[in-house]
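With these hints in hand, go ahead and build the complete structure from the sequences.
Chains as they are written, first to last, in the working numbering: chain D, 1 to 113; chain C, 1 to 110.
Warning: the hint list may mix true and false statements.
Covered by chain D, per the in silico footprint, the following chain C stretches (three or more residues, Cβ under 8 Å) [as the list claims (entries may be wrong)]: (1) 33-42; (2) 45-57.
Taking beta-carbon pairs under 7 Å as the criterion, some of the chain D residues facing chain C (in silico) [stated by the list, open to error]: (3) D38; (4) G42; (5) Q45; (6) V54; (7) N99; (8) A102; (9) F104; (10) G105; (11) Q106; (12) G107.
I should point out that these hints are in silico values taken from the structure, not numbers from a laboratory. Beta carbons: idealized from backbone N, C-alpha and C, even for Gly.
As a plain string of letters, each chain reads:
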Amino acid sequence: EAQVTQNPRYLITVTGKKLTVTCSQNMNHEYMSWYRQDPGLGLRQIYYSMNVEVTDKGDVPEGYKVSRKEKRNFPLILESPSPNQTSLYFCASRYRGSNTEAFFGQGTRLTVV
Amino acid sequence: SQELEQSPQSLIVQEGKNLTINCTSSKTLYGLYWYKQKYGEGLIFLMMLQKGGEEKSHEKITAKLDEKKQQSSLHITASQPSHAGIYLCGADPTGNQFYFGTGTSLTVIP
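Structure representation (structure tokens):
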């Protein structure tokens with residue numbers, strides 16, 4: 001089954017404790033991206049990757065890191081999480097190019113206390 | 001960047017009623033996507049529209065893109081509780097970044 005898998009689904013952590021949210025897709029998509037969703041602000045792109053070893057900043061990259069060592073994986077790293085990073089995070093993947101459907105993971109609800 | 005404005009922000013309808021959600025773009029759309037999100041869950045792809053005047057339907061949901069390609073509407077006929085959720089329009093003008101509208105929250109009362 002074609003899917004984007006994120007882990008964990010839920011995470012509560014403390015300020016400053018490094019964490020990684022994993023994202024994996026099994027569709028051989030070149031393009032992967034991370035979003036955060038906040039009430040009243042909608043979905044905002046954090047980082048995206050056009051292919052292996054190619055990453056770029058989205059609209060809200062501050063406080064986040066990503067890597068793309070393999071085509072299927074695109075982890076989101078928070079080196080020193082802060083309470084303002086409490087949010088619902090989504091990973092997405094699709095074939096490269098415009099007008100291709102994006103597939104989304106089920107989301108990771110992160111709370112930073 | 002591409003700005004997408006959705007209206008209304010929220011909608012409460014009685015089961016069986018028709019409804020329309022609008023998505024207006026600040027720039028010409030070269031591809032407009034509609035997604036549905038159940039509360040707190042991932043996004044489910046509904047439809048993609050590319051050509052001016054294009055209309056697509058899936059079950060009781062119809063989406064249209066106007067001739068000028070700056071506005072799209074999503075119409076649900078005879079709404080059911082299963083239609084409840086957040087509807088998001090999205091656009092990807094460059095192939096690099098997907099932009100989303102702020103969403104329309106739909107509640108269907110049985």
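Subject >> chain D over the stretch 45-57 of chain C, status - at least 3 residues with CB closer than 8 Å >> reply: holds (count 3)
Original post:
Counting residues of the stretch 33-42 of chain C that have a beta-carbon nearer than 8 Å to any beta-carbon of chain D, does the count reach 3?
Top reply: holds (count 5)
Original post:
With a cut-off of 7 Å, does the beta carbon of D/Q106 approach a beta carbon of chain C closely enough for the hint to hold?
Top reply: 4 Å, holds
Original post:
Holds or violated: D/N99 as interface residue toward chain C, Cβ cutoff 7 Å?
Top reply: With Cβ-Cβ at 4 Å, under 7 Å, it holds.
Original post:
Once the shortest beta carbon distance from D/V54 to chain C is found, is it less than 7 Å?
Top reply: 11 Å, violated
Original post:
Holds or violated: D/F104 as interface residue toward chain C, Cβ cutoff 7 Å?
Top reply: 4 Å, holds
Subject >> Given hint D/A102 near chain C, where the shortest CB pair must fall under 7 Å >> reply: 6 Å, holds
Subject >> D/G107 as chain C interface residue, shortest Cβ-Cβ below 7 Å >> reply: Since chain C brings a Cβ to about 5 Å from D/G107, closer than 7 Å, the hint holds.
Original post:
Taking the closest Cβ pair, is D/G42 under 7 Å from chain C?
Top reply: With a minimum Cβ separation of about 4 Å from chain C (threshold 7 Å), the hint on D/G42 holds.
Subject >> D/G105 as an interface hint toward chain C, with CB separation required under 7 Å >> reply: For D/G105, the interface hint holds, since the closest Cβ of chain C sits about 6 Å away, which is under 7 Å.
Original post:
Is the interface hint for D/Q45 satisfied, with its Cβ closer than 7 Å to some Cβ of chain C?
Top reply: Because about 6 Å separates D/Q45 from the closest Cβ in chain C, which is inside the 7 Å limit, the hint holds.
Subject >> Restraint outcome when D/D38 is required to lie within 7 Å of chain C by C-beta distance >> reply: Result: violated, 10 Å to nearest chain C Cβ.
The structure fails hints 3 and 6 (numbered hints given earlier, in ascending order).
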